[in-house]
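Trainee: The chain contents come next:
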Amino acid sequence: MIDEDRDVAEALKKVAPQMVVPRGLVAGARKRRSRSRAVAGSVAGVGAMAVAVGFALPAMVSAIGPLFAGQSSSQQAASQADERDGSAAGGANPALVAQGTETAAAASEALGWAAIQGAGPGNQVVSPSSLALSLAMAAEGAEGASEASIDEALGLVGDARSGAYSDLRRSLTGYETSPDRIDLVDPPVTPALHLANRLVTIDREAEAPFVERLARWFDVPVVATTQGEAKAVLDAWVNENSGGLIEESAIEVVPELKVVTQDALLFSAAWATPFERDDLALDFDGVGKVDALQGIVPARYAEGDRWTAIRLPYDDRLAADVILPKPGVAPTALTEAELAEAGAALATAPVEQVDTTMPVLDLRSKMDLLKALPQIDLNDLGGIFDGAFAGQWWQQSVLQVSAKGTVGAAVTEMGVYESAVLAERSFVADRGYVFRVVDTSTSWPLFLASVVDPSAAG
Amino acid sequence: MPDIESFVEARGGDLLRAAWTLTGDAHHAEDLLQTALAKSLGAYDRLANDHKFEAYLRTTMYRTYISWWRRRSWRSETPSEYVPEVRGSEATVELRLDVMRALETLPRMQRAVMTMRYVEDRPVAEVAEALGISEGTVKKYAHRGCATLRGSAHLQEV
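Protein chains in written order, with the UniProt record's numbering: chain A, 1 to 458; chain B, 1 to 158.
Honestly, the hints are just simulated from the structure, not real lab data. Accuracy of the hints is not assured; some may be wrong.
Claimed, not checked - Calculated cross-link-like contacts (lysine-lysine; reagent style DSS-like; alpha-carbon spacing at most 25 Å):
1. A:K13 / B:K139
2. A:K231 / A:K366
3. B:K140 / A:K13
4. A:K404 / A:K289
5. A:K231 / A:K371
6. B:K140 / A:K31
7. A:K31 / B:K139
8. A:K31 / B:K52
9. A:K326 / A:K289
To be verified - The following label-pair restraints were derived from C-beta to C-beta distances:
10. A:A429 / B:R144: 53 to 61 Å
11. A:R6 / B:R101: 18 to 26 Å
12. B:G42 / A:Q18: 27 to 35 Å
13. B:H27 / A:A215: 43 to 51 Å
14. B:R144 / A:T348: 51 to 59 Å
Said to hold, decoys possible - To list a few chain B residues with every Cβ distance to chain A over 10 Å, as calculated:
15. E30
16. T105
17. A125
Small disclaimer: the values here were computed from a predicted structure and weren't measured. We put the CB at the ideal spot given by N, CA and C, even for glycine.
Can you make the complete structure from the sequences, with help from the hints?
Mentor: This is the structure in structure tokens:
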């Protein structure tokens with residue numbers, strides 16, 4: 001203990017009460033352990049896609065999250081490692097690895113929800129998983145206050161952060177399908193998913209440790225291009241990896257743009273039980289008649305103080321949550337804690353036959369994340385290259401919900417700028433001028449020209 | 001090695017005290033310790049050493065606290081709502097309220113650092129390992145936490 005902190009230590013010890021261990025604490029822990037095994041880690045969910053239907057559809061929130069209803073691959077790997085290695089409280093402790101992904105999943109959802117709340121009125125759709133991965137990539141090159149700010153947003157620090165987001169990403173590889181093989185018209189019975197990312201450098205290189213960490217944790221390939229080619233290079237990748245649902249990159253190519261990180265997610269899945277109807281006219285609060293799906297489907301049902309919710313499965317792991325606030329409560333008025341509460345309640349709720357009616361959706365959004373999440377400091381990305389900062393951060397998302405299932409695509413792109421030198425004066429040679437090549441130490445001119453028509457040869 | 005019940009009887013009080021400092025409420029403290037125990041039970045036989053198990057359980061408890069920071073029930077904490085064995089003088093009660101209010105303003109990671117460092121007297125290296133952060137960050141958070149607590153009126157009289 002450092003002497004100068006003794007006052008604080010004494011005060012804390014004085015106020016913290018001496019406590020007696022209540023009887024039954026261990027027995028209760030045993031019961032909880034057997035219960036949590038029965039639901040097999042289903043509380044660890046990641047919001048791969050969340051949508052708040054705000055202005056036009058004011059009374060409904062839907063969140064689609066791959067649910068780790070079975071053991072996720074990282075948890076399986078963790079339990080295997082657990083068998084091999086009895087090490088205690090070290091960094092690679094399996095129980096803690098699982099806790100890391102749990103933290104990362106919760107932080108992703110909080111981040112996505114903050115983006116929706118920060119994006120203003122109207123329908124908003126965001127992919128928290130893609131958003132978090134984009135930020136996790138930036139974290140590898142962030143320094144100082146920016147690094148602290150990103151760590152705060154992602155809920156973890158250093159290798160624990162990289163490892164947790166890497167594990168979440170890899171936990172979905174079982175669903176991985178190439179984008180051209182994903183049916184976006186007739187969603188497949190077995191959910192199909194495609195994840196991709198990339199680092200694009202424009203007329204300069206990124207620092208080797210940054211590139212190395214992106215490759216190690218997130219399998220990020222690097223592509224070098226020029227300013228002239230950049231737009232076409234970015235657009236083609238976005239189009240291909242979103243299955244054509246998102247046509248072009250949101251990044252505007254400007255002279256100070258030197259690096260772009262791209263992250264894409266494409267998802268298509270049929271409902272485990274399709275809806276019987278998709279032509280119902282639903283009288284939607286404040287909007288009027290909208291097309292709706294209707295059917296009696298197996299779903300988990302839960303309710304809280306300010307919401308009711310159902311969980312509609314795609315398979316035994318991926319599902320969509322529809323969270324309906326009580327009348328008079330706007331979807332964005334729900335807190336992230338209420339979304340988490342709904343998730344936890346749904347995870348343990350029994351499956352019932354639920355007569356479900358909800359709108360058909362075809363949402364599209366382009367979100368300026370720098371504006372939606374101003375609390376995240378992206379001004380010091382010096383690990384990417386000296387003087388780097390995020391000049392643009394965009395997410396484009398599409399979410400379609402029909403009687404057959406759900407199709408979604410999201411692309412998150414961060415444009416990293418080189419600090420521009422502020423011009424003190426501008427000079428444009430737009431009329432006849434003199435051009436001289438000179439040795440400034442002797443003032444001896446090597447060339448001298450008078451230019452009156454730059455397009456002519458002489 | 002004695003059984004887990006004896007272990008919890010012997011060491012549970014100190015862990016509960018730490019959990020109370022983290023959550024500011026005796027019920028939440030029991031809930032936190034029990035959750036950590038439920039997660040750690042499987043390791044007890046394997047570790048075959050009370051000292052190692054305590055480190056494992058402590059790490060699990062702190063990380064559970066940090067990762068559950070969005071859980072609503074723990075957010076709605078009311079300082080000193082239920083404090084067992086409140087035998088202190090009026091001055092202690094006031095100090096407690098004051099310190100708990102100051103702790104409440106800290107981010108969870110900082111509060112965890114303050115508890116482990118100053119209530120449990122754990123060395124910087126152990127705090128860093130348990131919380132998965134660098135020693136520099138532990139020192140930074142401890143410094144900030146101390147500054148916050150010193151800003152509260154009653155602490156200045158200690």
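Trainee: Now, for every hint given, state plainly whether the structure supports it.
Mentor: To see whether the hints hold, each was checked on the structure:
Restraint check: the Cα-Cα separation between K13 of chain A and K139 of chain B comes to about 19 Å, which is no more than 25 Å; the hinted pair holds. With a C-alpha separation of about 18 Å, the suggested pairing of K231 of chain A with K366 of chain A holds against the 25 Å cut-off. With a C-alpha separation of about 21 Å, the suggested pair K140 of chain B and K13 of chain A falls inside the 25 Å cut-off, and the hint holds. This hinted pair checks out: K404 of chain A and K289 of chain A have alpha carbons roughly 21 Å apart, not beyond 25 Å.
For the proposed pair K231 of chain A and K371 of chain A, the alpha carbon gap of about 23 Å is at most 25 Å, so the pair holds. Proximity of K140 of chain B to K31 of chain A is assessed by CA-CA distance (about 39 Å); at most 25 Å being required, the pair is judged violated. Using a Cα cut-off of 25 Å, the hinted pair K31 of chain A and K139 of chain B is violated, with the two alpha carbons roughly 38 Å apart. A C-alpha spacing of about 23 Å is found between K31 of chain A and K52 of chain B, which places the hinted pair at or below 25 Å, so the restraint holds.
At roughly 20 Å between alpha-carbon atoms, K326 of chain A and K289 of chain A fall within 25 Å of each other, so this suggested pair holds. In this structure the hint that A429 of chain A and R144 of chain B lie 53 to 61 Å apart at CB holds, the actual value being about 55 Å. One distance hint, 18 to 26 Å for the beta-carbon pair R6 of chain A and R101 of chain B, holds here, with the actual separation near 22 Å. In this structure, G42 of chain B and Q18 of chain A meet the distance hint of 27 to 35 Å, their C-beta atoms being roughly 30 Å apart.
Under the hint 43 to 51 Å, the C-beta atoms of H27 of chain B and A215 of chain A, about 47 Å apart, fit the expected range. Against the hinted window of 51 to 59 Å, the Cβ-Cβ separation of R144 of chain B and T348 of chain A comes to about 38 Å, which falls outside the hint. With a least beta-carbon separation of about 6 Å from chain A, E30 of chain B fails to lie farther than 10 Å from that chain, contradicting its non-interface assignment. The Cβ of T105 of chain B lies farther than 10 Å from every Cβ of chain A, with a closest approach of about 15 Å, so its non-interface assignment holds.
Listed as outside the interface, A125 of chain B is consistent with that label: its C-beta sits roughly 12 Å from the nearest C-beta of chain A, beyond the 10 Å cut-off.
When each numbered hint is compared with the structure, violations occur for hints 6, 7, 14, 15.
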